[in-house]
Amino acid sequence: MSSRSIRVASKPQVIAVAIAVAVVFGFLAFTLSAKAKPDSDETRYLSPREMVLSLDGRKLYVLCEASDEVRVIDTNSSTILKVIPVGHIPRGISLSSDGQQLFVANSWDDTVSVLDTRTLKVVQTLPTGFEPNSVVPDRAGKTLYVANRLSNDISVIDLQSGQEIKRLLAGRGASYLALSPNGKLLYCTHVYPKLAAHRTPPESEVTVIDTERQEVIERKSLHNVAGVFHIALSADGKLSVAPQLRPKNLVPLAHVEHGWAFGDSLAIFGSDVGGVVQVPLDELERYFAMPYAAVITPDKTKLYVSNSGAESITVIDIPKMLSNVHAPGGPDANDLSASANYVVARIPVGRNPKGMVLSGDGKRLYVANRLDDNISVIDTTSDMVVSSIDLGGKQDMTSLRRGERVFYTARFAFQGQFSCANCHIDATFDGLQWDLEPDGFGVDIVDNRSIEDLSGTEPFKWNGGNPNMATECGPRTEKYFYRSQSYNSAELADLVTYVMALPLRPNRYRLQAGELTASQERGKAIFERTKYKNGKSIPEANQCAYCHSGPKYTNQKLADVGSGKPTDRSPLIDVPQLTNVAYSAPYLHDGSARSMEEIWTVFNPHDTHGVTNDLQKDELNDLIEYLRTL
Amino acid sequence: MKPRLLITLLLLFIALPLVAATPDMPRFRWESFTTANGLPDNHVFAVLVDGDRIWAATENGVALLDGGKWKVFTTADGLAHRAVLSLALDKRTGDVWVGTMGGLSRISAGRIDTFNQLNSGLSNDVVYGVAVQGDYIWTATAAGASRYNTRTGQWSLFNERNTPMYEIWTYAVTVGPDKVYYAVWGGGVLEYDIATERWKDYNDPDGETEIVLFKDQGLIHEITTSVSYVDKILWVATYFGDSRYDGRNWHNFLTKDSGLPSNFTNQVKAIDANRAWFSTDKGLAYYDGTNWAIYRPALDTHKPEMLLRDVAGAIKKIPVQSAPAHNYILGVDFQGDDIWVATAKGLSHGIRQKNSVAIAGVFSTEKAKGKK
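Protein chains in written order, with this note's numbering: chain S, 1401 to 2030; chain V, 13 to 384.
Please note that the accuracy of each hint is not assured.
Okay, the calculated beta carbon distance ranges per label pair [unchecked claim]:
(1) 80/V <-> 1839/S: 49 to 59 Å
(2) 154/V <-> 1930/S: 25 to 35 Å
(3) 1618/S <-> 154/V: 30 to 40 Å
For lysine-lysine, the following DSS-like pairs were computed, each having C-alpha atoms within a straight-line distance of at most 27 Å [said to hold, decoys possible]:
(4) 1584/S <-> 83/V
(5) 329/V <-> 315/V
(6) 1861/S <-> 1648/S
(7) 1620/S <-> 83/V
(8) 212/V <-> 2017/S
(9) 1566/S <-> 244/V
(10) 81/V <-> 1584/S
(11) 294/V <-> 357/V
(12) 1584/S <-> 103/V
(13) 191/V <-> 2017/S
(14) 1957/S <-> 1924/S
(15) 191/V <-> 1566/S
(16) 103/V <-> 1542/S
(17) 81/V <-> 1620/S
(18) 1566/S <-> 103/V
(19) 103/V <-> 1620/S
(20) 1584/S <-> 1638/S
Over 10 Å on every C-beta distance to chain S, these chain V residues come out as not near it, computed from the model [stated by the list, open to error]:
(21) 46
(22) 245
(23) 301
(24) 328
Please keep in mind that the hints were generated in silico from the structure rather than gathered at the bench. Given the structure is predicted, the values throughout are model-derived calculations rather than measurements. For glycine and all other residues, C-beta sits at the position ideal for the given N, C-alpha and C.
Make a model of the complete structure from these sequences and hints.
Okay, here's the thing in structure tokens:
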């Protein structure tokens, strides 16, 4: 032993040691304290979107879209047991039939996280199609189905190998999957309508998959329907219900005061019904905007529908609804008086209620209030909210969050008919063309544009009439859309903050290192060319990269590219940004081009919208491949 | 054991396999579908077997025989064009791809999506051939080959600028595990190697002449109409005879030295490396690697006819009660032992009969006479 070890410490040394010990103990105390709570980042909002219950009902798995995590809640104590990080912008969650695995669809990562419910850890990450929004395993736990919103298909993944074995063709915007009670059929709904002939009524579909054959066996057509969200099936498999939107986009929106904007409704089908029928959720003078999720009680007496824009849950008496369906004359989705026959309650809940889940005995309904970061618990006997589960998350309210609440609520619109999110579903677009202005039928038809990453793309509107977002969202929205003047200036400022902060979704066509494929390189050269193929110079204003310049590929000016129609008041069109242009078909200001190809093969006969008529077909394909990377 | 018995057993041991190997030529009972019993048009360009269901490509839409009933898909349902030229099944998804005179359509659980040269990257609206290779859809069009990636939506075009395709009128396409083959009408055969992504051409060593100077030294003719690739053997149909290529050697078939009823062949479809069916303008021919059988209404009397030709060239007429609807055959597909035949005057179903025709038996009884 050395002499240093027995040396008496000096006073400064004692103080130093004391400080060191205090620091160590302090650190330990902090660490232990932190471990007593779930590992979580409370500087972010959570935005709970979907939920599932464990088989024994003791755990509620809450998928938090904004914080990229699953929060595990003890349903007895309403406490958070665990916070599990998953992929980016998760939107779909489901439980395996044995309860041992959770599957989470990470929409911006194009993956599914597989979680072990015993360890509550991610054990596997599986690749999917573009923007997976919903995930469901088959009953045997051998195959996973994933609805991909941007690639418009359904991934079929072999769970043993983790390999995607095929893709099944879905409709546009595949977003939600539900398995039939016997596990034989899988239903898929879609948030966007099919691409169809210009100015024709929107059509959506419910895609039906045979899980044994792993093939699509039926496509149920939904007429006059655009966005369709969840789908619920009764325990006996005889009744299916899908909340949906019936847009009235073929008539001027000036008719909001007559109820001609959106019909919040249900598509119902199954042997209890016969074919597909549609029934309204709205009342004559009050609307229940953006119906999202549906849940049927085990005894099939009640149906609950979350009205995500109306901050409420609609309760429907199923026998009465079926009686109305089978009544002489049948149901009429536009007859808003019909809902009085079967709607028995409207339960106020939190902001932007989305996913719902019912306890196994059917006595408790959990509702995810996405913009309140909490769960409403409803007693299904009294149909009243009996408690609320706080999920944690960021507590102080920012302008961004307040703006998000303004964006998603319909309370500012006349009779609560719709919110910004009706047309900009999940802050994107709706795939529809609208007759917005009070200028007569069919005049100035405009395609709905995506609202991602808008900074630097001003002015707004296709005619460039609004110089900034405050004008776009303020007087214009109030006057022409909402038919009310209900915003105050602070709310408008918050809304503008939120909209202008909406991020750009990841581009799936760009190689990881930012490189271009050979085809994309050739397309880039065409996009940037200054000469015709015969060597003559292309006038500057007719070069692609002249109008579509800058970081967002817009010079922020008006241009006449020959796409104007006789029904347009001016041929001058705002040069649109091209970021993520691949996702936002149809194209041109009025949505008359169903594909990017048609912009030039159909609507550019005189080379007024860039020079393309000297291109070979494969060169045009190259140009399009490049545009998809922007 | 006595030596005599031993020799007998030895001979039996040697002879039995030979007896078993004696080729039997299939015999069919033919049933035909026309406009009289549900087909939308008698001109059937192609037929596709999809399990128990039969798809027929007609001049007036696609017809689906399902559960004994015909369902017809037309332009009113979204089909690209009324004249349907080709069909291909994606066995993984059940989707059917349809090549027409006005573009390419996909029929998926009753829904039809159409791709044409205006709304998509398809090179040309006249789609003579279509084939499925995993997530890729290959088409043979009047302006080169197009490949559609069903996952990304990307179109890749192949033509005279990026392949050895000196003539861009592609007429048929077939897909194997490692290769994709194109019949190029007037341009021989093109081969695409899936692993290397490289193209290679096969041409008639005699050039574009209709004189065969170098038989079995290459493709029989440049005007190719169909390709079939099975067990790494390439079969090619042309309007001037047919070819078989094993990767090293070519073997050509002409009416003058084979059982082909005509050199004018619309389609060849192989069963395996040795057996194939030939759709000609003078009947349907089956080749078992040695012998030939022809099924058709007789060219003169139009009565049902089945002809056999052995390796020595001897021909025997087999009495039959039925035949395909017409002797102008455009294509076939197989349903187990049955065969479906697209003709210029209807769709025929060849129902395989148990009593096949034993070649050895037929030609041992008498020396065959006559000409086909």
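Verification of the supplied hints:
For the pair residue 80/V and residue 1839/S, the supplied restraint of 49 to 59 Å holds, since their beta-carbon distance comes to about 56 Å. Checked against the given bound of 25 to 35 Å, the beta carbons of residue 154/V and residue 1930/S, roughly 33 Å apart, stay inside it. Remark: the range hint 30 to 40 Å for residue 1618/S to residue 154/V is upheld by a beta-carbon distance near 35 Å. Only pairs whose Cα atoms come within 27 Å are accepted, and residue 1584/S paired with residue 83/V is accepted, the gap being roughly 26 Å.
For the suggested pair residue 329/V and residue 315/V, the alpha carbons sit about 12 Å apart, so the restraint of at most 27 Å is met. At roughly 20 Å between alpha-carbon atoms, residue 1861/S and residue 1648/S fall within 27 Å of each other, so this suggested pair holds. In summary, the hint linking residue 1620/S to residue 83/V is supported, as the alpha carbons are separated by about 18 Å, within the 27 Å threshold. In summary, the hint linking residue 212/V to residue 2017/S is supported, as the alpha carbons are separated by about 23 Å, within the 27 Å threshold.
Taken as a hint, the residue 1566/S and residue 244/V pair is honoured in the structure, with Cα atoms around 25 Å apart against an allowance of 27 Å. Using a Cα cut-off of 27 Å, the hinted pair residue 81/V and residue 1584/S holds, with the two alpha carbons roughly 26 Å apart. With a C-alpha separation of about 13 Å, the suggested pairing of residue 294/V with residue 357/V holds against the 27 Å cut-off. As the CA atoms of residue 1584/S and residue 103/V are separated by approximately 20 Å, the hinted pair is consistent with the 27 Å bound.
About 25 Å separates the Cα atoms of residue 191/V and residue 2017/S, which keeps this hinted pair within 27 Å; it holds. The hinted pair formed by residue 1957/S and residue 1924/S meets the criterion: a straight-line CA distance of about 22 Å does not exceed 27 Å. Simply put, residue 191/V and residue 1566/S have alpha-carbon atoms about 21 Å apart, close enough for the 27 Å limit, and the pair holds. Between residue 103/V and residue 1542/S, the direct Cα distance comes to roughly 20 Å. Compliance with the 27 Å bound is thereby established for this hinted pair.
Distance hint between residue 81/V and residue 1620/S is fulfilled; the C-alpha atoms sit about 22 Å from each other, no more than 27 Å. Using a Cα cut-off of 27 Å, the hinted pair residue 1566/S and residue 103/V holds, with the two alpha carbons roughly 11 Å apart. The hinted pair formed by residue 103/V and residue 1620/S meets the criterion: a straight-line CA distance of about 22 Å does not exceed 27 Å. Taken as a hint, the residue 1584/S and residue 1638/S pair is honoured in the structure, with Cα atoms around 13 Å apart against an allowance of 27 Å.
Look at residue 46/V: its CB is around 30 Å from the nearest CB on chain S, clear of 10 Å, so calling it non-interface holds up. Its beta-carbon lying about 28 Å from the closest one in chain S, residue 245/V satisfies the requirement of being farther than 10 Å from that chain. Every CB of chain S lies more than 10 Å from the CB of residue 301/V, the least distance being 35 Å, so the non-interface label holds. The claim that residue 328/V lies off the interface holds: its Cβ sits roughly 45 Å from the closest Cβ of chain S, which is beyond the 10 Å cut-off.
Violation of the numbered hints given earlier is absent; every hint is satisfied by the structure.
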